[in-house]
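Protein chains: 2
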Amino acid sequence: FLSPALVNAETASHPEQALHGSYKDWRVLGVSHRLDKKYVRAILGNDIAINAARSGKTQPWPDGTVIAKLSWKEQTHPRWPQAVIPGEFAGAEAIIKDSKKYPETGGWAFGHWEGGNLVINDKEKTATCFACHTIMKDHDYVFTEPALQ
Amino acid sequence: FLSPALVNAETASHPEQALHGSYKDWRVLGVSHRLDKKYVRAILGNDIAINAARSGKTQPWPDGTVIAKLSWKEQTHPRWPQAVIPGEFAGAEAIIKDSKKYPETGGWAFGHWEGGNLVINDKEKTATCFACHTIMKDHDYVFTEPALQ
Ligand code: HEC
Ligand code: HEC
Numbered sequence: 015f016l017s018p019a020l021v022n023a024e025t026a027s028h029p030e031q032a033l034h035g036s037y038k039d040w041r042v043l044g045v046s047h048r049l050d051k052k053y054v055r056a057i058l059g060n061d062i063a064i065n066a067a068r069s070g071k072t073q074p075w076p077d078g079t080v081i082a083k084l085s086w087k088e089q090t091h092p093r094w095p096q097a098v099i100p101g102e103f104a105g106a107e108a109i110i111k112d113s114k115k116y117p118e119t120g121g122w123a124f125g126h127w128e129g130g131n132l133v134i135n136d137k138e139k140t141a142t143c144f145a146c147h148t149i150m151k152d153h154d155y156v157f158t159e160p161a162l163q
Numbered sequence: 015f016l017s018p019a020l021v022n023a024e025t026a027s028h029p030e031q032a033l034h035g036s037y038k039d040w041r042v043l044g045v046s047h048r049l050d051k052k053y054v055r056a057i058l059g060n061d062i063a064i065n066a067a068r069s070g071k072t073q074p075w076p077d078g079t080v081i082a083k084l085s086w087k088e089q090t091h092p093r094w095p096q097a098v099i100p101g102e103f104a105g106a107e108a109i110i111k112d113s114k115k116y117p118e119t120g121g122w123a124f125g126h127w128e129g130g131n132l133v134i135n136d137k138e139k140t141a142t143c144f145a146c147h148t149i150m151k152d153h154d155y156v157f158t159e160p161a162l163q
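Respectively, the protein sequence lines represent chains A and B.
The first sequence maps to residues 15 to 163 in full-length UniProt numbering.
The second sequence maps to residues 15 to 163 in full-length UniProt numbering.
Extracted from the complex, chain A is given alone in its bound form (with noise of 0.2 Å):
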C-alpha cells in the first residue's frame, strides 16, 4: 500500500512527499445526493478529521484536516430502480486546512485526487471552490455536518 504523493499543479515537477494519505482508508463524515449535478457522493475525512468530528471540535477545523468528497453518477439499481447509487465515477476532490498556508482561502486549499495523488488547484480554479463555499463562512466553509451514528 503505497502513500501518495501531495502534488501542488503549479510545481507539479518538484511534488512534495505525501502529507495527506490516500482517502481509500478513510471514514465516512457523510454522503449526498445532489439533484443539481446528478452525483451520488461519499464525504470522507482522514483521521485528524474524524477525530475532531467525534470530539465535536469542527469550528475551526484543525490543521491537518483532509475531507474527500468521492462523485459518482447516479444511477438507479437495475433491481430495486427506487434506489439511486452509485454509477460511473466521477471524481474525488477535497479540501485541506491549513491556516498557515492558506489564510486568503479561509485557512484551506482545495485539491482532488489525480491517479492516487492530491494535487492542490491552481489558482483559477481554486477561486471558483472558495466562492461557491464561503455561503458556509461561518462554519468554517464546509458544508457537511459530520453524521457520526
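Just to be clear, a hint being listed does not mean it is correct.
No copy is singled out in the list; a pair is fine if it fits within one copy or between any two copies.
When the alpha-carbon atoms are kept at most 35 Å apart in a straight line, the in silico DSBU-like pairs for lysine-lysine are as follows [as the list claims (entries may be wrong)]:
1. 137 - 51
2. 139 - 114
3. 114 - 51
4. 38 - 51
5. 51 - 151
6. 114 - 71
To be clear, the hints were calculated from the coordinates, so they are not data collected in a lab.
Chain B with the ligands: place on chain A using the hints.
Chain B with the ligands in isolation, oriented as in the chain A frame:
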C-alpha cells in the same frame, strides 16, 4: 473504545461475546438514496468485507463478512437545497455471513444495532428481510455493488 456484544434477540439474556465489532470505524462500500423510503444511506463493511471487495472475491462473500447499512431521513441542505443530505438518524442494519450457521437464509443473518450491540433479528423479521434480498440471490443476496474508487 469498547467492542459491543453480539446479542441474539431470542437469547438476549445470554449475549454472545463481540464477534463483529462496531461499524463506527468501518470503511465505505457504497451510498444510496432510497426514493421509496426517503432515506439516504451509507453502506459500510468490516475488514473482511473490505478485503473481499478489494480482491473481487464477493461471489460468495466470505464467512465473517458483515455489511452495515446506516440510514438517515433525507433532508435538503439548508444553504444548498439541491443537496440531499442526512437528517435524523433512522438506524443501522446488518447482514452477517456465516454459511454454516445460517444455511436457511442463504448463509446470512439479518440484524441491527441497538445501543452499540449487534442484535440478530428474530425469525419473523428475518423472513421479511430475506424475502426482499432474495431478488439478489445470484449476487449472494447483496444489493450493493462495492464502489471502491
Ligand atoms: C456551486 C457550489 C460549489 C462549488 C463551485 C464547489 N462546491 Fe464543494 N460543495 C458544495 C456543496 C453544496 C457541498 C455539500 C454537498 C455535497 O456533497 O455536494 C460541497 C462539499 C464539498 C466537500 C466536502 C466537504 C464539505 O464542505 O461539505 C469538498 C471536499 C468539496 N466540496 C470540495 C470542492 C472543490 C475542490 C471545489 C472546486 C474544484 C468545490 N468543492 C466547488 C458546493 C460547491
Ligand atoms: C423491500 C425490500 C427490502 C427489504 C424488506 C429489506 N431490504 Fe435490505 N436492502 C434493500 C435494497 C434495495 C438495498 C440496497 C439499496 C439501499 O441501500 O437501500 C438493501 C441493502 C441492505 C444492506 C446493505 C447490503 C446490501 O445488500 O446491499 C443491508 C445490510 C440490509 N439491506 C439489511 C436489511 C435488513 C436487516 C432487513 C430486514 C430488517 C432488510 N435489509 C430488508 C431492500 C430491502
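Do the hints match the structure? See the list:
1. Taking the closest pair of Cα atoms, residue 137 and residue 51 come within 35 Å of each other only inside a single copy of the chain (23 Å); across copies the shortest separation is 42 Å, beyond that limit.
2. Taking identical chains as interchangeable, the C-alpha atoms of residue 139 and residue 114 lie at most 35 Å apart only when both belong to the same chain, with a minimum of 20 Å there against 54 Å between chains.
3. For a Cα distance limit of 35 Å, the shortest separation of residue 114 from residue 51 inside one copy, 33 Å, qualifies, whereas the shortest one across copies, 45 Å, does not.
4. Within a single copy, residue 38 and residue 51 get their C-alpha atoms as close as 23 Å, and across copies as close as 29 Å, so both meet the 35 Å cut-off.
5. Taking the shortest Cα distances, residue 51 and residue 151 sit within 35 Å of each other both inside one copy (23 Å) and across copies (33 Å).
6. For a Cα distance limit of 35 Å, the shortest separation of residue 114 from residue 71 inside one copy, 19 Å, qualifies, whereas the shortest one across copies, 45 Å, does not.
Hint violations for this structure: none, all hints satisfied.
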